[in-house]
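Visitor: In case you want the letters, here they are:
Number of protein chains: 2
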Amino acid sequence: MAQADTQISDKQLYLDDLVVGQRFTSRAHVVDATEIKAFARQFDPQPFHLDEETAKRAFFGELVASGWHTAAITMRLLVETGLPLAGGIIAAAREASWPKPTRPGDTLTVTSEIEEIMPSRSRRDRGTLKVRSKTRNQRDEIVQVLLAKLIVPRRVERP
Amino acid sequence: MAQADTQISDKQLYLDDLVVGQRFTSRAHVVDATEIKAFARQFDPQPFHLDEETAKRAFFGELVASGWHTAAITMRLLVETGLPLAGGIIAAAREASWPKPTRPGDTLTVTSEIEEIMPSRSRRDRGTLKVRSKTRNQRDEIVQVLLAKLIVPRRVERP
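Which chain is which? The protein sequence lines are A and B, in order.
Here the first sequence is numbered in numbering that gives the first Met the number 0, starting from 0 and rising by one per residue.
Here the second sequence is numbered in numbering that gives the first Met the number 0, starting from 0 and rising by one per residue.
Bear in mind the hints are in silico, worked out from the structure with no lab data behind them.
One or more of the hints may lead you astray.
If chains are identical, the list can't say which one is meant, so a pair holds when it fits in one copy or spans any two.
[As the list claims (entries may be wrong)] The list that follows gives simulated cross-link-like pairs (lysine-lysine, DSS-like), each with its CA atoms no further than 27 Å apart:
#1 K55 to K99
#2 K129 to K99
#3 K55 to K36
#4 K148 to K36
#5 K148 to K55
#6 K99 to K133
#7 K99 to K36
#8 K99 to K148
#9 K129 to K148
Since the model is a prediction, treat every value here as computed from it, not as a measurement.
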């Protein structure tokens, strides 16, 4: 049961505040060639991420962002505006796939949907959340699907 | 059948050169607090990644690296010395988990093991490789497990 997008706010959400199907949308971020190359030089120095000319002769045939760069941008969007969880975004595990590469000039937006809410059996002050975050470009193409298991605090009543 | 570690070399390996159980070990990288905070400011601005003092009162109780930072360092180690594949390291999908956080001063090393080799049925010039990469710290604790499906070129005989 998908619900209308939740408005971004300063509200810090606890596990008890969330419902399955709830959705959150981040602000947009425009990716440029300079940041694609800077990330690649630091973390993923491969020809198709470093230089337009050599990229033409490599796998993608053009300059594209490292998948880890798309993931890092997605994380910043989630932290800043995309998923206002109390205690922050703390992942126990994640799966990511990149159906399409991110290109210079792309405008990325992340939409997250709550898929499962599991209160902890052993600890009444927290629980686990399964969230699927899809990062889309300006053509509404999905460049990354991220499935994360997050640790989220509960509203604990003090006696 | 695990084999002895393959020595790092300049050799570019094709799908046909690999065997299940083959292992590769990267060079080591020492992570410092400055780079942990720099990555966090750019991509994961949460208190437990940004500042030692505020981290004491947050989830981990100390400054730790963003999981995406551990992933990015792992990628650099794989690209530079950890997995000498012809055509580069091109992932179709990945799963990552972080059993323990990376801390300032940790020395990280990545060991990768070939789990599955699947020649493409439709394209004789490539195939898919399943590789499990474990990133360990100096205490031999695993800080990240990465399972990747990589696209690897084959040695194509020209008629």
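Visitor: Does each hint fit the structure? Answer for all of them.
Guide: Against the structure, the hints come out as follows:
1. K55 to K99: within (17 Å within a copy, 39 Å between copies)
2. K129 to K99: both (23 Å within a copy, 20 Å between copies)
3. K55 to K36: within (15 Å within a copy, 35 Å between copies)
4. K148 to K36: between (30 Å within a copy, 24 Å between copies)
5. K148 to K55: between (37 Å within a copy, 23 Å between copies)
6. K99 to K133: both (12 Å within a copy, 26 Å between copies)
7. K99 to K36: For K99 and K36, the Cα distance is within 27 Å only inside one copy (18 Å; across copies 30 Å).
8. K99 to K148: both (23 Å within a copy, 15 Å between copies)
9. K129 to K148: This pair counts as both: shortest intra-copy Cα distance 5 Å, inter-copy 23 Å.
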